[in-house]
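These protein sequence lines map, in sequence, to chains A and B. Residue numbers 1 to 289, in full-length UniProt numbering, belong to the letters of the first sequence in order. Residue numbers 1 to 289, in full-length UniProt numbering, belong to the letters of the second sequence in order.
Everything labelled a hint here was simulated from the structure, so no lab data went into it. Warning: the hint list may mix true and false statements.
Distance ranges between label pairs, derived from CB positions [as the list claims (entries may be wrong)]:
#1 B/R73 <-> A/L38: 58 to 68 Å
#2 A/R157 <-> B/A122: 28 to 38 Å
#3 B/A122 <-> A/R40: 25 to 35 Å
#4 B/A151 <-> A/S281: 56 to 66 Å
#5 A/G130 <-> B/G197: 21 to 31 Å
#6 A/S254 <-> B/E118: 50 to 60 Å
#7 B/A122 <-> A/E253: 20 to 30 Å
#8 B/V252 <-> A/A126: 13 to 23 Å
#9 A/G197 <-> B/V252: 56 to 66 Å
#10 B/F51 <-> A/R73: 31 to 41 Å
#11 A/E253 <-> B/P76: 52 to 62 Å
#12 B/A50 <-> A/R40: 21 to 31 Å
#13 B/H85 <-> A/L38: 54 to 64 Å
If you only want the chain A side, here are some residues facing chain B, beta carbon under 7 Å, derived [as the list claims (entries may be wrong)]:
#14 P113
#15 P114
#16 V134
#17 L263
Every residue gets a Cβ at the ideal spot worked out from N, C-alpha and C, and that includes glycine.
Number of protein chains: 2
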Amino acid sequence: MSDLRPPEHQVAGHRAAPNKLGPLVDGAGLFYKPLQALDRGEQELAFYTAFSVHPAVPPPIRDKFFPRFHGTRLLPTAATPGESHPHIILDDLLGGLPSPSVTDIKIGACTWPPRAPEPYVAKCLAKDRGSTSVLLGFRVSGIRVSDAGGAVWLPDRSELKGTDIPGVRRMLGRYVSSVGGDGMDCALAAAVYGGEGGVLAQLRELKAWFEVQTLFHFYSASVLLIYDANAVTTAGGGGGVRVKLVDFAHVVESEGVIDHNFLGGLCSLIKFIADIVAETSDMVPSGDS
Amino acid sequence: MSDLRPPEHQVAGHRAAPNKLGPLVDGAGLFYKPLQALDRGEQELAFYTAFSVHPAVPPPIRDKFFPRFHGTRLLPTAATPGESHPHIILDDLLGGLPSPSVTDIKIGACTWPPRAPEPYVAKCLAKDRGSTSVLLGFRVSGIRVSDAGGAVWLPDRSELKGTDIPGVRRMLGRYVSSVGGDGMDCALAAAVYGGEGGVLAQLRELKAWFEVQTLFHFYSASVLLIYDANAVTTAGGGGGVRVKLVDFAHVVESEGVIDHNFLGGLCSLIKFIADIVAETSDMVPSGDS
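So that you can see chain A by itself, here it is in the shape it has in the complex:
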């Protein structure tokens, strides 16, 4: 309870610092996300509250792809003694992983809800056009690669910002490559992306739900891809791979139609990753054969 601290492995979003609010973890499996400003926190809380008990959400989808919601808690703010701030309590998605590798991918060509106020639309549209969102249907917002020994690779901030399609291909190749060496061997592509419980299989399961769900539209939400190099290399294909949706401050009700924007981006991501796996398996096999 008193062991709250900033997460070690965060790849995108606001970070906690002595004079700044940011997420905290308790080391026992819970993640505390401070309510964001400008009603966004209230909106995200409203989403979690509605979603976690919604009778039309299939429990396997909720349990597999969404962080579990545990209510809220006021926590003292380090910056101003005596003041406190509400936090949303969620499962720590990286809990139990000694050296997690994480990619944060913001899904959808369009990150603004259709009925958002004009200045917000203009700001988002500029970002969507200035990144790969409009072209690709998604953009990489953060990435952190950790090998079984704990060595870490992080891209420069400039490598992430305004990257183009070949840049995204490099990032998602790098995400499944050894940390040492030239960094693009895609050594774990088959184990992380392919196989029964791998990223592709999980994304396809998520896609099947998005083809029919008419409950919510997930503007500006992200898919987190998570694996631990220790678990993956021990367990083989798909072992220890997690695919999770996060960031629901701009989710809106759907007016009875599917979330074509999220679904289109998800299909694009699936094809994009499938191409990386196919290219990798075309490579010359390794020396042990």
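Let chain A serve as the given structure and place chain B on it in line with the hints.
Okay, now just chain B, sitting in the frame of chain A:
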């Protein structure tokens, strides 16, 4: 050859008139589309030229979902004797149907190619936001319903423009309803939308191609849904139903990724129509039972 005349059953786009260029048909199965201004005609011609011989396009997809391309021809313009204008020659998609019913549905939340010039982007974006494109991933651009006896229903122009989601549901219900009566019996929903060769089965076949094709992005293209009430009622489910893509003035090469914008809209249309079929089959059966 001298029998060229404006098509009787056009539902969207420019119409030929004594002082205006518009498409013509020859009554023998060919459709002549005048090259549009502002390089759009050249771009559409370039698309047809490339697409019709592209080795990576599966012939069943090309033959089933696209009008066959027969080259170009200069035709005299009625307005200015002695002048002529180039036309793209295509299959007449309504050829052989005595009383075709047609819906023109522009697919995609976004109708502007990402690298289009700024004023064009602004104009399209305003239309996409002012119609159902952004919300639904598609909009109905035209509709014409003809019953087996040749009686016709056309919406008012105001009924089409800026319509909302319930308005689109009414249009696509009306499209499979009897022309007489109150116009919303959805009598042909199962025969036109459902069944083996019906609209849904064909759209799903098209979707499977869009999940993998990385050749073209079809900005601002339309899906035409076509049936003839005579053929449908005689042949039963799916008989005489045609699903065709048209309007390729804003198609661009894909940079190696799928057309997530078209695919998302297509998935939305499929779910939307499937919901209409499901609601119709829930209705009380007709009196002949």
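Quiz item: Hints broken by the structure, by number, lowest first?
Solution: 5, 6, 9, 10, 12, 14
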